[in-house]
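Novice: Each chain is listed here by its residues.
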Amino acid sequence: MSRRRDRALTYVMWVAIAVYIGVAIYVFWHFGFTKLPPPF
Amino acid sequence: MRTQAGGTPPAPSEYDTRGDLRKIAGILVALALFIIVLYAYIIPLQGGLISSTAIRSSDLSGAEPQFQEQMPIQEVDLGASGRSIFIAFVMLTHILFANLHLGGAWVLLSLVILYLVSRQERYSRLGKSVALFNVILFSAGATFAATGVFFFIALYPTFATQGFHIYWWPLLVEAILFGVEIFFVYTLWFTWARIGAAWHVFLAIGYPVSIYLQTLAIDTFVSGMLTPGAKTITWGAPGLLGMPWAEYLQWWFNPTLWPLQSHRVAAAISFFGFLLAFLAMLHFRDRTDPPSKRYWDWVGSFGILWGLAGLIAQPLLGLWYMYTIFTHQNQAFTNIMTGPRAWEMLMMVGLLSLLIVTVSVYFVERRERLLVRLGRHDIRTLFRAFALIAVAAGLVLAQPAWLGGIMQHDAGTWANPLGDMYYKHIALLVLIAVGAIIVGIDLLVLRGRRDEEWGNLSRASRAAALIAGALGTWIVIVMGYVRESARSPWLFYKIVPVPGGQTYPTPVPAYQIFVLWLIILGLVFAIFWFTSRVTSYHPEREEEV
Chain A
540 MSRRRDRALT YVMWVAIAVY IGVAIYVFWH FGFTKLPPPF
Chain B
-9 MRTQAGGTPP APSEYDTRGD LRKIAGILVA LALFIIVLYA YIIPLQGGLI SSTAIRSSDL
51 SGAEPQFQEQ MPIQEVDLGA SGRSIFIAFV MLTHILFANL HLGGAWVLLS LVILYLVSRQ
111 ERYSRLGKSV ALFNVILFSA GATFAATGVF FFIALYPTFA TQGFHIYWWP LLVEAILFGV
171 EIFFVYTLWF TWARIGAAWH VFLAIGYPVS IYLQTLAIDT FVSGMLTPGA KTITWGAPGL
231 LGMPWAEYLQ WWFNPTLWPL QSHRVAAAIS FFGFLLAFLA MLHFRDRTDP PSKRYWDWVG
291 SFGILWGLAG LIAQPLLGLW YMYTIFTHQN QAFTNIMTGP RAWEMLMMVG LLSLLIVTVS
351 VYFVERRERL LVRLGRHDIR TLFRAFALIA VAAGLVLAQP AWLGGIMQHD AGTWANPLGD
411 MYYKHIALLV LIAVGAIIVG IDLLVLRGRR DEEWGNLSRA SRAAALIAGA LGTWIVIVMG
471 YVRESARSPW LFYKIVPVPG GQTYPTPVPA YQIFVLWLII LGLVFAIFWF TSRVTSYHPE
531 REEEV
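Chains as they are written, first to last, in this note's numbering: chain A, 540 to 579; chain B, -9 to 535.
Worth flagging that the hints you see were computed from the coordinates, not collected in a lab.
Hints are supplied without guarantee of correctness; some may be wrong.
[Said to hold, decoys possible] Covered stretches of chain A (in silico footprint by chain B; criterion: 3 or more residues with CB under 8 Å from a CB of chain B, positions within the stretch not fixed):
hint	segment
1	546 to 554
2	557 to 568
[Said to hold, decoys possible] Derived, one-sided and incomplete: chain B residues facing chain A with beta-carbon distance under 10 Å:
hint	residue
3	Thr137
4	Val139
5	Ile302
6	Ala303
7	Pro305
8	Met338
9	Leu419
10	Ala426
11	Ile427
12	Leu433
13	Arg439
14	Arg440
For each residue, glycine too, the CB sits at the ideal point set by N, CA and C.
Turn these sequences into a full structure, and let the hints guide you.
Specialist: Next comes the structure, spelled out in structure tokens:
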């Protein structure tokens, strides 16, 4: 695999990880914080 | 002096080849303390020792007579919960064998693709080992499944009659997919390296897809027990369809089908990854030749990464699952979140937290030599910080929300401000982020450099991987128990009760299920290890990993 392609793949995977964390925050906000009942 | 890989070793004062065993001792002490506090303090003070049959007794009286048990109760001489113990034993054990395929098939597909892309022998060797491991243990999983069906019919005849009738068509699909699955996995192993790449990929894709669909078929039944497709079971005229097609669809594609299916796949992948790491550590100790040591060290790391990837997906899917239960079976939601079964969720998130702490310690210990040699003190510090952050998040997650009452909102209960769900959501998010960033650093930053280090596995990192394997397996059977006891005292929620009423309370009591978990873990790990010894291909001495 060429170095350029390798770097591009690495970049894409970091973006994917960042997107995953972003989705996690959104899902927790959407379902966890706002729709599930408050504990008290 | 040169290392095996040709690098200059770091100064002896900078690392210890045994690793920091105090961290391992800390994990084990934390686990023991957590279990002791949970069982001695939290469970009794949250009404966890009171059966759901007693708590929901007024609901049970509303069950229709036709769904009450018509046959005499078949006891099994194990006390009032004997029948439930039998079912828990066979089904929880079955889940662990079934997950070898549900999770292992995707790991196997990744190995086939990695081999075809890189042509590195280690991927092919591990893939062939996984395929043979799954081929041999297929019969064990199928045996427990068939035994479970027999137990359902003998011990819960009314439920079995209704359930197998409603789910006849999905179960037929499942039965056919047994054959398809056997074809794919057996052929994949028998033809390994003897057929072209295209056929190899075809078999490697067919295997996980068939397992996925087979699990989906059985999940229509499993999820439908918690969120049935109707308020009662209404049968129609004889024919291919026992009730209108639209009603069948309501039962099969019920609200919790997809969340359950998705969560199961992620959990199975995580379980298989951690199991791979566990077995690799035993092989590492068992083998004496350096190529095998290097190879099994690499397998351990490969397994841990898969385990972690599956693990960080689970809180998201779990939240989706919980939200669906909240909206469609609210009473079951209160049972497991704000009621007498909440200790089970507490145990699950406690084990999850400890698992991420253990994985963080694995990376701290396993990459220590490499990071010192590369001078990457930033990553070294980050890994250590992640372990501490995971500990802090775990302490938040392990907090009970209340004590001194069966329901959280009962009068007179003591509310624990640290057990607030908002904090727990944040703690879960932190664990997800920690896990995802660890995967990123190890795969993307250290990827090429890790190969220089295989074989230099410290005792502490080996112990961490073993603990991760045990916790990763335990958490699967805890999750199975949570779903079953969320439904108690019903088999089909609010339609078919667990027969026997107050004489035969459910779910399986906390102390009994704990003993059962230990028996199951001991049994399956013995089977996994002995099978792995005869199914693993080790590198030849002259080969390099």
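Novice: Does each hint fit the structure? Answer for all of them.
Specialist: Do the hints match the structure? See the list:
Coverage of the segment 546 to 554 of chain A by chain B holds in this model, with 3 residues showing a Cβ closer than 8 Å to a Cβ of that chain against a need of three. Closer than 8 Å: that is the beta-carbon criterion, and the segment 557 to 568 of chain A has 7 residues meeting it against chain B, so the requirement of 3 holds. Using the Cβ-Cβ criterion of 10 Å, the hint placing B/Thr137 at the interface with chain A is not satisfied: the shortest such distance is roughly 37 Å. Of the supplied interface hints, the one on B/Val139 is violated, with its beta-carbon coming no nearer than about 35 Å to a beta-carbon of chain A, more than 10 Å.
Annotation: B/Ile302 was flagged as interfacial toward chain A, and the flag holds, the nearest CB pair being 8 Å apart, inside 10 Å. For B/Ala303, the shortest C-beta to C-beta distance to chain A is roughly 9 Å, which falls under 10 Å, so the interface hint holds. At a threshold of 10 Å, the smallest CB-CB gap from B/Pro305 to chain A is about 8 Å, leaving the interface hint in force. The beta carbon of B/Met338 is not positioned within 10 Å of any beta carbon in chain A (closest approach about 16 Å), and the interface hint is therefore violated.
Using the Cβ-Cβ criterion of 10 Å, the hint placing B/Leu419 at the interface with chain A is satisfied: the shortest such distance is roughly 6 Å. With a least beta-carbon distance of about 5 Å to chain A, the hint placing B/Ala426 at the interface is held under the 10 Å criterion. The beta carbon of B/Ile427 comes within 7 Å of a beta carbon in chain A, closer than 10 Å, and the hint placing it at the interface holds. For B/Leu433, the shortest C-beta to C-beta distance to chain A is roughly 7 Å, which falls under 10 Å, so the interface hint holds.
About 13 Å separates the beta-carbon of B/Arg439 from the nearest beta-carbon of chain A, more than 10 Å, and the hint is not met. Interface hint status for B/Arg440: violated, as the beta-carbon distance to the closest one in chain A is roughly 14 Å, over 10 Å.
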